[in-house]
Each structure stands twice: as C-alpha cells, then as structure tokens.
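J.: Using the sequences plus the hints, can you model the full thing?
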Amino acid sequence: MIKVGIPRALLFYFYYPLWRAFFTELDIQVVVSPETNKRILDAGLRTALGEACLPVKLFFGHVLELSGKVDYLFVPRLISVEHKEYICPKFMGLSDMLRVRLANLPPIIDTALDVSGRRGLDWSHFFEKVGSIFTRDRHLIKRAYCSALEADKNFRRLLKSGLLPPEAMDAADGISEAAATSVASPGFLKIGLLGHPYNLYDSYISMNLIGKMRQMGASVVTPASVSDDLIDNQTKRLPKRLFWTLGKQMIGSALTFFENEKLDGVIYLTSFGCGPESLVGELVKRWAKHRGNPPFMMLTIDEHTGEAGLVTRLEAFIEMIKRRKKNEDHVPSYGQPVHCC
Amino acid sequence: MRITYPHMGNLYIVVRALFTNLGLDLVLPPPTSRRTVELGVRYAPEFACFPLKLNLGNFLEAWELGADTILMAGGVGPCRFGYYAQVQKEILDELGKSMEMVVLEPPDVSWREVRDKIRCLVGDISWWRIFKAIRFAWYKARAVDTVEERVLFLRPRTYEPHRLEEYRRQALRRIDEASDKREMDEILRDFNNQCRALPLRSGPFLRVGFVGEIFTVLEPFANYDMERRLGLLGVEVTRSIYLSAWINEHLFGGLLRVKGMEHVDKLAAPYLNSFVGGHGQETVGSTVEFGKQGYDGVVHVAPFTCMPEIVAHSILPAVSKDYGIPTLTFYLDEQSGEAGIQTRLEAFVDLMAARREKRRKENL
Chain A
1 MIKVGIPRAL LFYFYYPLWR AFFTELDIQV VVSPETNKRI LDAGLRTALG EACLPVKLFF
61 GHVLELSGKV DYLFVPRLIS VEHKEYICPK FMGLSDMLRV RLANLPPIID TALDVSGRRG
121 LDWSHFFEKV GSIFTRDRHL IKRAYCSALE ADKNFRRLLK SGLLPPEAMD AADGISEAAA
181 TSVASPGFLK IGLLGHPYNL YDSYISMNLI GKMRQMGASV VTPASVSDDL IDNQTKRLPK
241 RLFWTLGKQM IGSALTFFEN EKLDGVIYLT SFGCGPESLV GELVKRWAKH RGNPPFMMLT
301 IDEHTGEAGL VTRLEAFIEM IKRRKKNEDH VPSYGQPVHC C
Chain B
1 MRITYPHMGN LYIVVRALFT NLGLDLVLPP PTSRRTVELG VRYAPEFACF PLKLNLGNFL
61 EAWELGADTI LMAGGVGPCR FGYYAQVQKE ILDELGKSME MVVLEPPDVS WREVRDKIRC
121 LVGDISWWRI FKAIRFAWYK ARAVDTVEER VLFLRPRTYE PHRLEEYRRQ ALRRIDEASD
181 KREMDEILRD FNNQCRALPL RSGPFLRVGF VGEIFTVLEP FANYDMERRL GLLGVEVTRS
241 IYLSAWINEH LFGGLLRVKG MEHVDKLAAP YLNSFVGGHG QETVGSTVEF GKQGYDGVVH
301 VAPFTCMPEI VAHSILPAVS KDYGIPTLTF YLDEQSGEAG IQTRLEAFVD LMAARREKRR
361 KENL
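Protein chains in written order, with the numbering used here: chain A, 1 to 341; chain B, 1 to 364.
It is possible that part of the hints are untrue.
What the hints assert, rightly or not - No farther apart than 25 Å at their CA atoms in a straight line, the calculated lysine-lysine pairs in the PhoX-like style are these:
{"hint": "1", "chain 1": "A", "residue 1": "Lys322", "chain 2": "A", "residue 2": "Lys212"}
{"hint": "2", "chain 1": "B", "residue 1": "Lys117", "chain 2": "A", "residue 2": "Lys236"}
{"hint": "3", "chain 1": "B", "residue 1": "Lys266", "chain 2": "A", "residue 2": "Lys84"}
{"hint": "4", "chain 1": "B", "residue 1": "Lys97", "chain 2": "A", "residue 2": "Lys240"}
{"hint": "5", "chain 1": "B", "residue 1": "Lys358", "chain 2": "B", "residue 2": "Lys321"}
{"hint": "6", "chain 1": "A", "residue 1": "Lys289", "chain 2": "B", "residue 2": "Lys358"}
{"hint": "7", "chain 1": "A", "residue 1": "Lys240", "chain 2": "B", "residue 2": "Lys117"}
{"hint": "8", "chain 1": "A", "residue 1": "Lys326", "chain 2": "A", "residue 2": "Lys190"}
{"hint": "9", "chain 1": "A", "residue 1": "Lys129", "chain 2": "A", "residue 2": "Lys153"}
{"hint": "10", "chain 1": "A", "residue 1": "Lys262", "chain 2": "A", "residue 2": "Lys325"}
{"hint": "11", "chain 1": "B", "residue 1": "Lys292", "chain 2": "A", "residue 2": "Lys285"}
{"hint": "12", "chain 1": "A", "residue 1": "Lys212", "chain 2": "A", "residue 2": "Lys160"}
{"hint": "13", "chain 1": "A", "residue 1": "Lys84", "chain 2": "B", "residue 2": "Lys292"}
{"hint": "14", "chain 1": "B", "residue 1": "Lys361", "chain 2": "B", "residue 2": "Lys292"}
{"hint": "15", "chain 1": "A", "residue 1": "Lys326", "chain 2": "A", "residue 2": "Lys262"}
{"hint": "16", "chain 1": "A", "residue 1": "Lys240", "chain 2": "A", "residue 2": "Lys289"}
{"hint": "17", "chain 1": "A", "residue 1": "Lys236", "chain 2": "B", "residue 2": "Lys89"}
{"hint": "18", "chain 1": "A", "residue 1": "Lys84", "chain 2": "A", "residue 2": "Lys69"}
{"hint": "19", "chain 1": "A", "residue 1": "Lys285", "chain 2": "A", "residue 2": "Lys190"}
{"hint": "20", "chain 1": "A", "residue 1": "Lys262", "chain 2": "A", "residue 2": "Lys322"}
{"hint": "21", "chain 1": "A", "residue 1": "Lys289", "chain 2": "A", "residue 2": "Lys326"}
{"hint": "22", "chain 1": "A", "residue 1": "Lys142", "chain 2": "A", "residue 2": "Lys129"}
{"hint": "23", "chain 1": "A", "residue 1": "Lys190", "chain 2": "A", "residue 2": "Lys289"}
{"hint": "24", "chain 1": "B", "residue 1": "Lys117", "chain 2": "A", "residue 2": "Lys84"}
{"hint": "25", "chain 1": "A", "residue 1": "Lys190", "chain 2": "A", "residue 2": "Lys240"}
{"hint": "26", "chain 1": "A", "residue 1": "Lys129", "chain 2": "B", "residue 2": "Lys266"}
{"hint": "27", "chain 1": "B", "residue 1": "Lys321", "chain 2": "B", "residue 2": "Lys361"}
{"hint": "28", "chain 1": "B", "residue 1": "Lys97", "chain 2": "A", "residue 2": "Lys289"}
{"hint": "29", "chain 1": "A", "residue 1": "Lys285", "chain 2": "B", "residue 2": "Lys89"}
{"hint": "30", "chain 1": "A", "residue 1": "Lys240", "chain 2": "B", "residue 2": "Lys89"}
I should point out that these hints are in silico values taken from the structure, not numbers from a laboratory.
T.: What follows is the structure, encoded as structure tokens:
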C-alpha cells in the first residue's frame, strides 16, 4: 500500500479531513507526523532559514519527521484557495524551499491549487491532478473527490457548532464525543481568540494557550466557528478588499468578536515576523479602540518564548476582565469611565 | 490640492516632471533622512516592512510642509505593499493628520478606475497633454537610468571617485530641471564628456550583481548606499532592475518594450516554480542570470520580514551551488549598523577576490 505523508503543520488544521478522505478513497495510506514536540521543532530550526517564521520552521521539522517513512510527501502549493486571494508568499514557495534545504526527501506532491482565476484551475482540477499521480481511473478520482468534499462538509459543520479543529477531527472519527460536550459547558468568561490556525491549535507552540484559558475558567471562541458569510459581510466594510485569506478571516472574526457583547475580551496570537499579521494585527488593534474598546491583548510567539511570561500575561488579562465584570459601571483606574452617566 | 508621494531613489525627478507638466501642485517630501526614519518607526507597526515605515515618515514630513493629498501605488497581493496605503491612512487619521489618499491600483484591477482617478487628480486637461506629460517623465526616467548605469560602470575604475559623484549629482540635478527632451540629450552628452575626461584604471574588476526587493535596491538610503560602498571597494555592480523598468511594469502594465523581468522568471523556474509576490522570483532568476554570465558574486537586499525575499533567500543556496556564485543577503531595517554592513561587504569582496585568484592559478 502506498503511503502518503501529511505534515501536522500549517494548513493541516484546515484541510486534513479533506486530504485524508481523498487519499483513503484512493486506497492510499495517510501517515501524519506526530504532534509537535521539542525534537520536531529543533529539527525545523536547524534546517529552515533563520528569517522564516515559526510555523514555516515547524513545517520543516514535521517534514523531516515523515521523510524516510513515506513514499510521497503531500505539500500542495497553496497559491490561492479563494478567488483573488492568497495565503502567504511562503506557502507558495514551500515545496521549493523544502527541496533546496532538505536532502533525501521522498518525492513531493506539490500540485498547485490556484483558484484566483489566473490559470483557470479549481479544486476539482487540483484533485484530478493529484489523483492521476496514483491511478488512471478517473471515476475513482471523481468518487474520492466527492467523498473528500463530504468529509470536509462534515468537518465544517462540526466547527460551526463550536468545536475547535482538533476536537472536530476527533469527533468526526467518533473518537471522543466527550470532547464535544466539554466545550459546550459554559465557562465563567467567554474570550475570543484570534490567530492563524497553525498557531492556535498546535498546543506545543502555543504553549497550550487554549487549555490554559479553559483552566482559568474561560471558554474560548476562535475564528473557526465564525461562518464564511459573516466574515464576507464584515470584511465588506474594509477600505480595500483584503488579498490574504487568513488575514480576511482574522479581520472578519475580529469585527464579529468586537460586536459580540457576550464576549468579555479578545486575545490575538501571532508569530514573530509574520508578514500579513504585521498589517492585519495593526488594523485590528486600532479598530478595537474605535469599537467599544473591548479588553484586547496581542501575544507574539516564537521559538524562544518563555512559558512563564505567557502565563503571567494571560493571568493578568483574565484577572483584569474579572475585576471589570465585578465592578462594572465603576470608573477604572485609568482613562474614561466604562459607562458614563 | 497639494499632492505628495513617497520617495524611492530618483523617482522624485520623474514625478516632478509629470506633475509640473500636468499643472499639479507637488509637495516633495524632504529627502529621506534619520528624522524620516524616526517618525516612521514611531508610528508604524513594529513588524511592518521598512518601506512602509519610510513612506510614513515621508508623508508626515510632507504634511508639515502643507501637503493634503497623497499619491500612492497599490497592488493585489500577496506582497504587503498592496495594503500599505490603507494602513498608512488609518495611522495618519488617528494622528489627526488626515490626508486624502489617491491609490493607483495596477491596471488589472480596472482601467476605468485608473482613468477616473487620473481625471479626479488632474481636472480638465486634454488626454493629449496627459500623454505628453507621461512621455516626458518617461524620458527623464530613461535619462536618470543612463546616468546611474554609467556611474556603476565607472566607480571601480576611476581614480577620483569624489569627482565622479559630483558629476553624477550635477547631471541628476540638471535632468531634474530640464524642460525638454533636447536639453536632456545635451545633459547626457555633457555628462559623458566629463566622464570620458576622467583618468581610469584598467581591469579586471570584480563583478557583482545587485538583486532583491525593488525599494531596497533603488533607495540608497534604505540600502545604506551599498552600490557606492561596493564601487569604492573596486567592484563593478550590475543592478537587476532599474527605475524605468519598474515604472513600465507597474504603472504602464508592461506596455513598452523595455528589457523587463519576464525572462528571469523563466530562469528561476527550476528552483522556484511559482510567483511568490513582490520580487522573490525575480531575485532567484536574476541570480541564475548573473551566475550564467560568470559574475563573481551576488548581493541580495530585502527589508526585514519581507515574505517573498525570505522564500528567495531560502532558495539561493541551491543556485549558488549550481552556478558556483557566492551570494550575500542583507535584511535591512532601521536597526542596521553601517559599520556592520561595511565589514560584511569588505569580507565578501575579499572572498570573491580570493576565489578569482584561485581560479586564475588553476587555469595557468
């Protein structure tokens, strides 16, 4: 049986159910790299360019973990997953960077996915091309594509119900229904957590931020649960169409969070040196001020982050919100009253 | 309406020509300086790339001089430059220094929009006059590039680098002041005569290709005058991109047949088989081209955190290996120390000289 390796990094958290269903239907075994650990991160740091961002370095680590264990590596060239939008230049050159910097890799499947309309490619073409590497049976590819879409739809449905991607993946497998119920139990606080999926849901590099927030009694809402329509609607108000898919999700979710009065605060997790975030984060930060000024905190992570620093800031943030909740309508120790008159 | 625009190398000469002929009131920002950097860095996002910070500094300084409208270029991604104007406007508004932003998006967004914007800027002027103004500005861009190209050639050769710089400054100033094409031809003739009179060393000289992100390549302030530093170290520098080529590609949509970047994209394909925004693919392609032409090395510059150039930088080692051409990458931002840059350049030049010497001995 042919083995295809999928690194547990970058857009794994968005597309894994889709990829897996497709390959499984083609009778291909999917091998996923283990959850991030120190060895994987170190391997990535050693091989990737120093100037690259943490998620890309981590991707290198996961690829190294898989190489030698699989027949093919699946690193699609994700140029554009939505019309006239891109993800990030680094995603577009990912497979090229891997080939240059890592020796003895298994063959890389780096079929380009570009729905920006420039080359007339779309999802079905993409899957046809990937499938044709393994089989000539076009009906089989078509069937695999359909079941991939089905799996993806199911996955999105679970996300919209409030599950986080890793939980939704488990729930889709029927592994842990418990996870689903644990989320539903309401926390004392409700906090919006912004950030790219590969930072939020990789509990090693986010230092289990979501888990820590839950332990402190906060339930977490992430962009994964905001519907695409809502994001489209929110981002229509931008002065110019945003051409980064993830950036658009962040801004759309941020605006939704700011309007949501049930949310007690918003945290934005970014990685050091992230290009799009440097501008998107700035806009979100400024808009937070204009829109009711909710408690807002930006956390930047990189490979050196000390966990204590993160915990301290998180604790302080949550304490502040709790205090604000308890003493509502009182004048805070700085600036303007929360509610005047 | 008092219009300003952000500096990029000698672009001001072209912009001034264009605006004067269209009868627009141009407020030229003061030349980029330490103060510009400080202003920009104070208000710009921390991890934004260097050009955004310098642009913002330019705008703030132009605001002090009474500018109320900004002319900017736009883009459709994935490079961050396409969203500069929106972020900068947000920052300026919040500082209470609101200026109108007119963003010229590349023609593939919509020709009609571009037309409307030009109309809104220039008012009721005939298209023929607009055409003439653009053509004249284009001549100036070409003249500027002719001077720059000549200076790059002469720097390692001349015994009197200061006089050469003086000639260059003079020529650029006269081009800036020139009011018709005949005058410009005359200036170029004078400049060439002056240069011919300079006593020159005979070669061979080390040859270095200068590649990277457009702004840091074209703006000597951003790259800490690297071309001149290399020239004074006895290196003949060849730029991968010139101002006129950039104007043609970005503002005319490649309408004119000037040597552009399409061919280098093909050269990059074996290493980087996708465009990555900005000038990432061109950086790889140009390095291949310099390698093929037997250059001694390539100096690559990019703003810190520049995404396309990080991809290019990741890939350069492969090109370097295949073509035996050493490369040196500089990430530039407000933190760069001049002495560090000078030291690294000197070391790189020594290394190239040693390689050349070794090869010469092997061939004997």
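J.: Give a verdict on every hint.
T.: Here is how each hint holds up against the structure:
{"no.": "1", "hint": "A/Lys322 with A/Lys212", "verdict": "holds, 16 Å"}
{"no.": "2", "hint": "B/Lys117 with A/Lys236", "verdict": "holds, 22 Å"}
{"no.": "3", "hint": "B/Lys266 with A/Lys84", "verdict": "holds, 24 Å"}
{"no.": "4", "hint": "B/Lys97 with A/Lys240", "verdict": "holds, 21 Å"}
{"no.": "5", "hint": "B/Lys358 with B/Lys321", "verdict": "holds, 17 Å"}
{"no.": "6", "hint": "A/Lys289 with B/Lys358", "verdict": "violated, 63 Å"}
{"no.": "7", "hint": "A/Lys240 with B/Lys117", "verdict": "holds, 15 Å"}
{"no.": "8", "hint": "A/Lys326 with A/Lys190", "verdict": "holds, 15 Å"}
{"no.": "9", "hint": "A/Lys129 with A/Lys153", "verdict": "holds, 22 Å"}
{"no.": "10", "hint": "A/Lys262 with A/Lys325", "verdict": "holds, 12 Å"}
{"no.": "11", "hint": "B/Lys292 with A/Lys285", "verdict": "violated, 48 Å"}
{"no.": "12", "hint": "A/Lys212 with A/Lys160", "verdict": "holds, 22 Å"}
{"no.": "13", "hint": "A/Lys84 with B/Lys292", "verdict": "violated, 36 Å"}
{"no.": "14", "hint": "B/Lys361 with B/Lys292", "verdict": "holds, 22 Å"}
{"no.": "15", "hint": "A/Lys326 with A/Lys262", "verdict": "holds, 15 Å"}
{"no.": "16", "hint": "A/Lys240 with A/Lys289", "verdict": "holds, 20 Å"}
{"no.": "17", "hint": "A/Lys236 with B/Lys89", "verdict": "holds, 18 Å"}
{"no.": "18", "hint": "A/Lys84 with A/Lys69", "verdict": "violated, 37 Å"}
{"no.": "19", "hint": "A/Lys285 with A/Lys190", "verdict": "holds, 19 Å"}
{"no.": "20", "hint": "A/Lys262 with A/Lys322", "verdict": "holds, 14 Å"}
{"no.": "21", "hint": "A/Lys289 with A/Lys326", "verdict": "holds, 22 Å"}
{"no.": "22", "hint": "A/Lys142 with A/Lys129", "verdict": "holds, 11 Å"}
{"no.": "23", "hint": "A/Lys190 with A/Lys289", "verdict": "holds, 19 Å"}
{"no.": "24", "hint": "B/Lys117 with A/Lys84", "verdict": "holds, 22 Å"}
{"no.": "25", "hint": "A/Lys190 with A/Lys240", "verdict": "violated, 31 Å"}
{"no.": "26", "hint": "A/Lys129 with B/Lys266", "verdict": "holds, 23 Å"}
{"no.": "27", "hint": "B/Lys321 with B/Lys361", "verdict": "holds, 21 Å"}
{"no.": "28", "hint": "B/Lys97 with A/Lys289", "verdict": "holds, 18 Å"}
{"no.": "29", "hint": "A/Lys285 with B/Lys89", "verdict": "holds, 15 Å"}
{"no.": "30", "hint": "A/Lys240 with B/Lys89", "verdict": "holds, 12 Å"}
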